[in-house]
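Novice: Next come the chains, spelled out residue by residue.
There are 2 protein chains.
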Amino acid sequence: MTKDGSGKGDKKAQQYGVTPQSTDFNDWYNEVVKKADLADNSPVAGAMVVRPYGSALWENIVRWLDDRFKATGHESLVFPTLIPMGFITKEADHVEGFAPELFTVSKIGTEVLSEPYVMRPTSETIIGHMWSGWLNSYRDLPFLHYQWGSVFRAELRTKAFLRTSEFFWHEGHTAHADEPEARAEVRQMLDIYHEFCRDVLALPVVRGEKTASERFAGAVATYSIEGMMRDGKALQSGTSHYLGQNFSKAFDVKFQTREQKEEYAHTTSWAISSRIIGAIIMTHGDDFGLIMPPRIAPIQVVVIPVGRKDNFDAMVQEGETLAAELRAQGLRVKVDRRDGVTNGFKYNDWELKGVPVRIELGPRDLEQGVVVVKSRNSDEKETLQRADAVSGMAARLDGIHDWLLERATTFLREHTLNVDSYDAFQTAIEAGNWVRAYHCGDAACEKSIKDDTKATTRNVPLDDAEFFSERGEGTCVKCGQPSAYGKRVIFGRQY
Amino acid sequence: MTKDGSGKGDKKAQQYGVTPQSTDFNDWYNEVVKKADLADNSPVAGAMVVRPYGSALWENIVRWLDDRFKATGHESLVFPTLIPMGFITKEADHVEGFAPELFTVSKIGTEVLSEPYVMRPTSETIIGHMWSGWLNSYRDLPFLHYQWGSVFRAELRTKAFLRTSEFFWHEGHTAHADEPEARAEVRQMLDIYHEFCRDVLALPVVRGEKTASERFAGAVATYSIEGMMRDGKALQSGTSHYLGQNFSKAFDVKFQTREQKEEYAHTTSWAISSRIIGAIIMTHGDDFGLIMPPRIAPIQVVVIPVGRKDNFDAMVQEGETLAAELRAQGLRVKVDRRDGVTNGFKYNDWELKGVPVRIELGPRDLEQGVVVVKSRNSDEKETLQRADAVSGMAARLDGIHDWLLERATTFLREHTLNVDSYDAFQTAIEAGNWVRAYHCGDAACEKSIKDDTKATTRNVPLDDAEFFSERGEGTCVKCGQPSAYGKRVIFGRQY
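Going down the list, the protein sequences come from chains A and B. Sequential numbering of the first sequence, starting at 270, is according to this note's numbering. Sequential numbering of the second sequence, starting at 270, is according to this note's numbering.
Possibly wrong hints are sitting among the right ones.
[Said to hold, decoys possible] Covered by chain A, per the in silico footprint, the following chain B stretches (three or more residues, Cβ under 8 Å): (1) 301-314; (2) 324-332; (3) 338-347; (4) 369-376; (5) 386-399; (6) 417-427.
Just so you know, these hints were derived from the structure itself, not from any lab. Note that CB positions come from ideal geometry on N, CA and C, so glycine has one too.
Could you put the whole structure together from the sequences, leaning on the hints where they help?
Specialist: Laid out in structure tokens, this is it:
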């Protein structure tokens with residue numbers, strides 16, 4: 270068997286205790302999250318505890334994105350976690366979208382508050398309020414702001430990283446003097462998200478615009494990147510919104526133009542959250558556990574000293590020497606120093622955690638100047654000259670990245686079907702695919718499809734998206750009316 | 270005049286609008302925070318908004334400390350922001366300490382909670398709860414954990430960075446098999462904080478143990494670093510607590526020892542918060558505004574292209590070239606590209622923001638291959654060969670660091686008085702000093718001093734602290750009983 274999910278996993282999985290994906294994808298996910306030490310349940314309804322391995326992964330995600338935001342001229346700020354309840358109700362669509370999910374703070378110390386606060390579900394409102402105080406002239410613009418932090422939206426059924434009442438994200442917020450500049454920002458950030466997914470996480474994602482009924486509460490236009498999980502469901506992996514002047518009018522964010530007129534700012538917001546970890550798990554994982562994309566992996570190479578009782582400490586020292594050589598190349602390396610467990614246990618533990626490359630180092634290897642190397646995406650162990658293993662490691666990791674991206678891209682293409690009848694639509698969705706179909710653009714029609722199939726529109730791919738961007742016209746797959754959007758829309762079930 | 274606060278400031282301050290420290294230290298602080306774009310008031314009672322310049326400073330603080338925590342084997346985790354109310358009440362001293370300050374969440378969506386949550390004032394309780402599930406054997410120990418995030422403690426009178434209902438920090442939490450190892454951890458972290466203050470922030474701080482009445486709620490022993498502000502008040506700048514088995518007993522954090530016995534873990538916690546930014550402002554600032562310690566400064570060098578209308582763009586380009594040469598040395602450099610304001614405005618703006626070094630670059634300088642350099646701690650402009658200015662910049666910044674540390678150390682020593690009578694004690698405190706006095710160690714006696722003078726014990730310096738560590742015996746400065754602690758205790762008014 271190969272590692273792409275075709276069979277052998279079952280026995281090994283039973284032995285080491287991970288339910289195969291094909292048996293129950295949901296169980297597989299929950300077990301991997303726990304056993305790989307990514308996260309644990311918490312005593313707070315709907316919230317998780319992120320454990321060190323998950324936290325290290327998130328930190329790498331934060332650092333890459335943060336560097337990119339700064340490189341594109343954005344500045345971080347820190348806004349309060351609480352928002353006056355009255356702010357949320359100022360933008361009509363916004364309150365409708367978020368009211369059912371709000372955490373309400375009604376008492377501080379012994380004082381019962383006359384106007385309660387809410388824990389932020391997102392920060393457009395309070396940021397709009399602050400901007401209105403900071404903005405005077407067109408010379409002050411653009412505001413290119415973002416913050417990292419937690420947000421709070423009540424969830425009934427929790428699933429680590431994917432659906433938690435408290436989750437972690439950055440929220441970008443920008444204000445511009447005119448619509449074209451604001452829309453260019455919206456696109457820039459969507460493209461950065463796309464680049465991050467493809468080039469760092471090895472996730473193929475489809476860039477497109479959301480249909481009206483799937484827009485962010487209060488947005489004029491919402492764009493998303495959508496990824497396909499190995500069960501065929503979609504995960505919205507990042508969003509970028511053009512908010513028009515909706516929030517600036519609600520919060521009086523106006524400025525004097527070059528021509529001395531008063532104008533409301535055009536604003537945007539954009540976010541990637543800790544859900545992206547769910548996408549990594551469900552796009553790359555297999556029956557042995559996680560496969561960490563090498564460029565974001567907390568541990569890129571694990572060195573396993575293979576010794577007996579009498580020479581184990583010496584082999585650990587040799588392992589550290591080898592690790593130092595790898596680290597000198599800028600790689601993130603761990604030496605497994607545990608002496609209370611078998612080598613077999615260690616091998617499976619690091620496979621479960623998805624470390625891209627394992628190096629086994631035994632006394633005989635040391636004498637012969639070789640090491641045993643195993644890539645997580647291959648069944649083969651290779652015996653290599655030690656110097657070659659070290660000098661070739663960066664290229665090996667790049668190769669694993671390419672392999673993951675190609676595998677996921679093939680999977681995405683194979684499970685996205687062009688469909689022109691509603692029967693075929695329903696069959697395709699039921700079988701765990703996305704479908705590409707013409708649609709009339711009517712929200713009620715969209716809803717009837719959702720009611721029938723649980724599939725929603727994912728997005729309308731941009732003209733220059735790598736996938737599914739061809740223009741065309743047809744009739745609505747559900748109601749037969751002429752198609753909207755000038756191309757097929759992607760439908761799928763989603764997380 | 271020199272920049273150490275002896276006079277000329279007044280006129281300039283009036284002109285550019287900062288109240289001199291000597292006129293009103295509190296006004297000076299608030300104006301500097303706002304005008305230097307560090308922070309702003311928010312519409313949420315007790316909470317601030319940290320603006321880009323303040324956020325960049327905090328990010329540098331976070332990064333240095335985070336790297337150090339990881340280098341000493343600590344792992345980050347993310348625990349929920351909310352804590353079940355019932356957890357807080359489990360450790361008796363803990364609830365007594367925090368109950369008056371709690372933010373209570375009693376409604377989620379439309380559901381009124383039967384047991385409310387609190388927004389964390391600190392996380393010992395929920396972390397203890399999780400640990401009890403993770404800990405089985407001595408082999409699992411130590412747990413070396415920390416997290417970055419916001420905490421919430423109601424404050425009536427807000428002061429940016431110093432006293433806000435929401436503030437930012439890391440909280441370290443560790444669990445150990447025995448007391449000596451736990452105490453060594455407590456000391457290690459205190460020493461890291463000390464090193465950070467001295468070597469990165471140029472802040473001299475006194476390491477010592479808190480007296481019993483100033484301990485953290487639930488701790489066996491609390492250690493602190495204490496800094497002196499330029500108004501003579503103390504700022505507790507970091508704490509490290511030995512919690513004994515108090516929290517592990519409350520949360521059942523126990524393990525099987527090597528000898529197969531059951532034992533409760535010995536735990537620690539430690540923190541530095543966003544208050545440290547207040548310490549930077551109030552230790553180094555002068556009548557012109559901030560002075561950023563060079564090693565943490567968001568901008569270490571600002572380049573000001575000095576041009577006229579017809580050659581301004583060209584000078585900006587030259588400024589960028591110079592900035593690139595400085596950045597190639599790893600320095601953080603900004604080019605002031607604003608063209609709507611005068612050079613004088615720019616000079617004062619960057620002095621207010623405390624940028625350690627300013628370089629002025631004019632067309633004639635360019636022809637002659639020189640630049641004009643001004644260090645923030647000097648009144649002199651120097652004309653230097655461009656290459657020398659670049660190659661000497663790192664050393665210049667180190668020199669400013671040393672100057673700041675020495676100035677603050679001299680100030681600390683000069684304003685800490687040995688006192689042996691209660692009259693002298695009161696006079697010294699009233700005049701804005703710390704005092705070193707013998708004390709009986711009785712909490713009621715300590716309280717009566719506080720009631721008289723508003724001065725509290727800061728700490729009892731460790732035997733190997735750089736300041737005020739000499740051992741000795743005497744009689745209590747207040748009540749005349751024999752002294753405790755084996756040395757003089759530091760008293761002072763505090764923020």
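Novice: For every hint, state whether the structure bears it out.
Specialist: Quick rundown of the hints versus the structure:
{"no.": "1", "hint": "301-314", "in the structure": "holds (count 5)"}
{"no.": "2", "hint": "324-332", "in the structure": "holds (count 4)"}
{"no.": "3", "hint": "338-347", "in the structure": "holds (count 4)"}
{"no.": "4", "hint": "369-376", "in the structure": "holds (count 8)"}
{"no.": "5", "hint": "386-399", "in the structure": "holds (count 5)"}
{"no.": "6", "hint": "417-427", "in the structure": "holds (count 4)"}
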